[in-house]
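Respectively, the protein sequence lines represent chains A and B.
The first sequence runs contiguously to residue 201 in our numbering.
The second sequence runs contiguously to residue 201 in our numbering.
Please note: incorrect hints may appear among the correct ones.
What the hints assert, rightly or not - Computed cross-link-like contacts, SDA-like style, restricted to lysine to any residue with a CA-CA straight-line distance of at most 20 Å:
| hint | chain 1 | residue 1 | chain 2 | residue 2 |
| --- | --- | --- | --- | --- |
| 1 | A | 47 | A | 35 |
| 2 | B | 47 | A | 47 |
| 3 | A | 47 | B | 145 |
| 4 | B | 47 | A | 87 |
| 5 | B | 47 | A | 146 |
| 6 | B | 46 | A | 138 |
| 7 | B | 46 | A | 148 |
| 8 | B | 47 | A | 142 |
| 9 | A | 28 | A | 197 |
| 10 | A | 46 | B | 60 |
| 11 | B | 46 | A | 142 |
| 12 | B | 46 | B | 62 |
| 13 | A | 47 | B | 87 |
| 14 | B | 46 | A | 46 |
| 15 | B | 47 | A | 118 |
| 16 | A | 46 | B | 87 |
| 17 | A | 46 | B | 47 |
| 18 | A | 46 | B | 134 |
| 19 | A | 36 | A | 9 |
| 20 | B | 36 | B | 8 |
| 21 | A | 36 | A | 119 |
| 22 | A | 46 | A | 4 |
| 23 | B | 46 | A | 9 |
| 24 | A | 47 | B | 86 |
| 25 | A | 46 | B | 138 |
| 26 | A | 36 | A | 118 |
| 27 | A | 47 | B | 135 |
| 28 | B | 46 | B | 30 |
| 29 | B | 46 | B | 60 |
| 30 | A | 47 | B | 153 |
| 31 | A | 46 | B | 135 |
| 32 | A | 47 | B | 30 |
| 33 | B | 46 | A | 144 |
| 34 | A | 28 | A | 58 |
| 35 | B | 47 | A | 177 |
| 36 | B | 46 | A | 86 |
It should be emphasised that the hints constitute simulated quantities derived from the structure, not laboratory data.
There are 2 protein chains.
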Amino acid sequence: MMTVYDFTGSGNGYKVCLLMMQLGLPFKRVECDILKGETRTPEFLKKNPNGRIPTLELEDGTFLCESDAILWYLARGTRFVPDDAYDQARALQWMFFEQYDHEPNIAVARFLLEYMPNPERYADRMPGLHERGHEALAVMETHLAGGCDYFAGSRLSIADFALYGYTHVAGEGGFDLDRYPAVQAWIARVASEPGHILITA
Amino acid sequence: MMTVYDFTGSGNGYKVCLLMMQLGLPFKRVECDILKGETRTPEFLKKNPNGRIPTLELEDGTFLCESDAILWYLARGTRFVPDDAYDQARALQWMFFEQYDHEPNIAVARFLLEYMPNPERYADRMPGLHERGHEALAVMETHLAGGCDYFAGSRLSIADFALYGYTHVAGEGGFDLDRYPAVQAWIARVASEPGHILITA
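Chain A extracted, bound-state conformation (with noise of 0.2 Å):
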């Protein structure tokens, strides 16, 4: 059985577990709570020498890191994965997108207000977080109110996985979701399907 070493709430981790539920992967999960720093111990970075989950451990003892590279490892072959070359590409683009335009904003401006002590000490980087993460909420918006159900090809892909992660809690990072109703109006076609589980699951 593979092994998923996460920490409850993150959205990184979650999607990962997201999809594993919905492909019926078994998998094992360990907690390793960031904040006392276990992702920086000898041993885990034996496991993943950037000091990071999601880690993936494969039953054969390996290892790989990066949330949206493991959504590509265990997605692949399936229907999450587009089969033309493009929107398989298009997919990859949005969860590049994902990782520099959104993840460093919407959920950076989400832990420091939800999980650290004094949020307030944060309070000069917010507004630069909420402006990129604004305009990464607004690049999805137009893709999708452009007529666009899912973002890469006609249905549900790991993109969409990549993306959701943060995007449907970014409201506890102080993003106000109500300006961009097609992202909301996906939010919810994303929870709607079968297997959908919660974050905080």
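Position chain B against the provided structure of chain A, taking the given hints into account.
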């Protein structure tokens, strides 16, 4: 013929051009001066709603964005994408690492120092960029010093193209690569490939 919208000196654009040269793919290159906002015009935003280079225009007039998704698309089915599922995912793992941990620190430090007027204005940002950039370089060094010549599988792949783009010019961002002998040897290895071009070529 495909068109690459690019900005001279961008490591993200360069890695796409480097791959296309090595694959023998003819392409037209269109310079977009990001310092003059040429990727934020209404016309450019129709090509890429995120307003970034590189953007690839395919022969049928559709567009693909995000440098590492473009690498994937162009290299799919060639020697530069590993066949093995795990090696393929490891290539993507390093590419996501590049966009999350490496580029936002190493490329940004270089951009502020080399491209912005009065770089001393950003002096307060440099220690953080250098600390996190060195952490990324140390992760690369650990991998390569462990006996790997390349980042995914046993030969040159898109993961190497992705990481080479900004690593080989990290010195321009104030990073001393003398600390990383395995990274330096890998840089020489990548640069020795037939069809290599320079970033300013």
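Hint by hint, here is what the structure shows:
Using a Cα cut-off of 20 Å, the hinted pair residue 47 (chain A) and residue 35 (chain A) holds, with the two alpha carbons roughly 18 Å apart. Between residue 47 (chain B) and residue 47 (chain A), the direct Cα distance comes to roughly 40 Å. Violation of the 20 Å bound is thereby established for this hinted pair. At most 20 Å may separate the alpha-carbon atoms for a hinted pair to count; residue 47 (chain A) and residue 145 (chain B) meet this at roughly 16 Å. Distance hint between residue 47 (chain B) and residue 87 (chain A) is fulfilled; the C-alpha atoms sit about 16 Å from each other, no more than 20 Å.
Of the supplied pair hints, the one linking residue 47 (chain B) and residue 146 (chain A) holds, its CA atoms being roughly 14 Å apart against a limit of 20 Å. A hinted pair counts as satisfied when its Cα atoms are at most 20 Å apart, and residue 46 (chain B) with residue 138 (chain A) qualifies at roughly 14 Å. With a C-alpha separation of about 16 Å, the suggested pairing of residue 46 (chain B) with residue 148 (chain A) holds against the 20 Å cut-off. Proposed proximity of residue 47 (chain B) and residue 142 (chain A) is supported: the alpha carbons are some 13 Å apart, at most 20 Å.
Proposed proximity of residue 28 (chain A) and residue 197 (chain A) is supported: the alpha carbons are some 16 Å apart, at most 20 Å. Straight-line distance between C-alpha atoms of residue 46 (chain A) and residue 60 (chain B) comes to about 46 Å, which puts the hinted pair past the 20 Å bound. For the proposed pair residue 46 (chain B) and residue 142 (chain A), the alpha carbon gap of about 11 Å is at most 20 Å, so the pair holds. Under the criterion of a C-alpha separation no larger than 20 Å, the hint pairing residue 46 (chain B) with residue 62 (chain B) is consistent with the structure, at around 11 Å.
Proximity of residue 47 (chain A) to residue 87 (chain B) is assessed by CA-CA distance (about 16 Å); at most 20 Å being required, the pair is judged to hold. A distance of roughly 45 Å separates the Cα atoms of residue 46 (chain B) and residue 46 (chain A); the hinted pair therefore is violated under the 20 Å criterion. For the hint pairing residue 47 (chain B) with residue 118 (chain A), the CA-to-CA distance comes to about 42 Å; that exceeds 20 Å, so the pair is violated. Between residue 46 (chain A) and residue 87 (chain B), the direct Cα distance comes to roughly 18 Å. Compliance with the 20 Å bound is thereby established for this hinted pair.
Among the hinted pairs, residue 46 (chain A) with residue 47 (chain B) is inconsistent with the structure: their alpha-carbon atoms are about 43 Å apart, more than 20 Å. Using a Cα cut-off of 20 Å, the hinted pair residue 46 (chain A) and residue 134 (chain B) holds, with the two alpha carbons roughly 19 Å apart. At most 20 Å may separate the alpha-carbon atoms for a hinted pair to count; residue 36 (chain A) and residue 9 (chain A) meet this at roughly 15 Å. With a C-alpha separation of about 13 Å, the suggested pair residue 36 (chain B) and residue 8 (chain B) falls inside the 20 Å cut-off, and the hint holds.
Using a Cα cut-off of 20 Å, the hinted pair residue 36 (chain A) and residue 119 (chain A) holds, with the two alpha carbons roughly 17 Å apart. For the given pair, residue 46 (chain A) sits about 15 Å from residue 4 (chain A) by alpha-carbon distance, which is consistent with the 20 Å threshold. At most 20 Å may separate the alpha-carbon atoms for a hinted pair to count; residue 46 (chain B) and residue 9 (chain A) exceed this at roughly 36 Å. Note on residue 47 (chain A) and residue 86 (chain B): the hinted pairing holds, with a Cα-Cα distance of about 15 Å set against a maximum of 20 Å.
Distance hint between residue 46 (chain A) and residue 138 (chain B) is fulfilled; the C-alpha atoms sit about 14 Å from each other, no more than 20 Å. Among the hinted pairs, residue 36 (chain A) with residue 118 (chain A) is consistent with the structure: their alpha-carbon atoms are about 16 Å apart, no more than 20 Å. This hinted pair checks out: residue 47 (chain A) and residue 135 (chain B) have alpha carbons roughly 17 Å apart, not beyond 20 Å. A C-alpha spacing of about 16 Å is found between residue 46 (chain B) and residue 30 (chain B), which places the hinted pair at or below 20 Å, so the restraint holds.
Taking the CA atoms of residue 46 (chain B) and residue 60 (chain B), the gap is about 15 Å. The hint holds against a cut of 20 Å. For the hint linking residue 47 (chain A) to residue 153 (chain B), the alpha-carbon distance of about 18 Å falls within 20 Å, and the restraint holds. At most 20 Å may separate the alpha-carbon atoms for a hinted pair to count; residue 46 (chain A) and residue 135 (chain B) meet this at roughly 16 Å. Taking the CA atoms of residue 47 (chain A) and residue 30 (chain B), the gap is about 43 Å. The hint is violated against a cut of 20 Å.
Straight-line distance between C-alpha atoms of residue 46 (chain B) and residue 144 (chain A) comes to about 15 Å, which keeps the hinted pair within the 20 Å bound. For a cut-off of 20 Å, the pair hint linking residue 28 (chain A) to residue 58 (chain A) stands: about 11 Å separates their Cα positions. In summary, the hint linking residue 47 (chain B) to residue 177 (chain A) is not supported, as the alpha carbons are separated by about 26 Å, beyond the 20 Å threshold. Our distance criterion of 20 Å between C-alpha atoms is met by residue 46 (chain B) and residue 86 (chain A), whose separation comes to about 18 Å.
Hints 2, 10, 14, 15, 17, 23, 32 and 35 from the earlier list are contradicted by this structure; the remaining hints agree with it.
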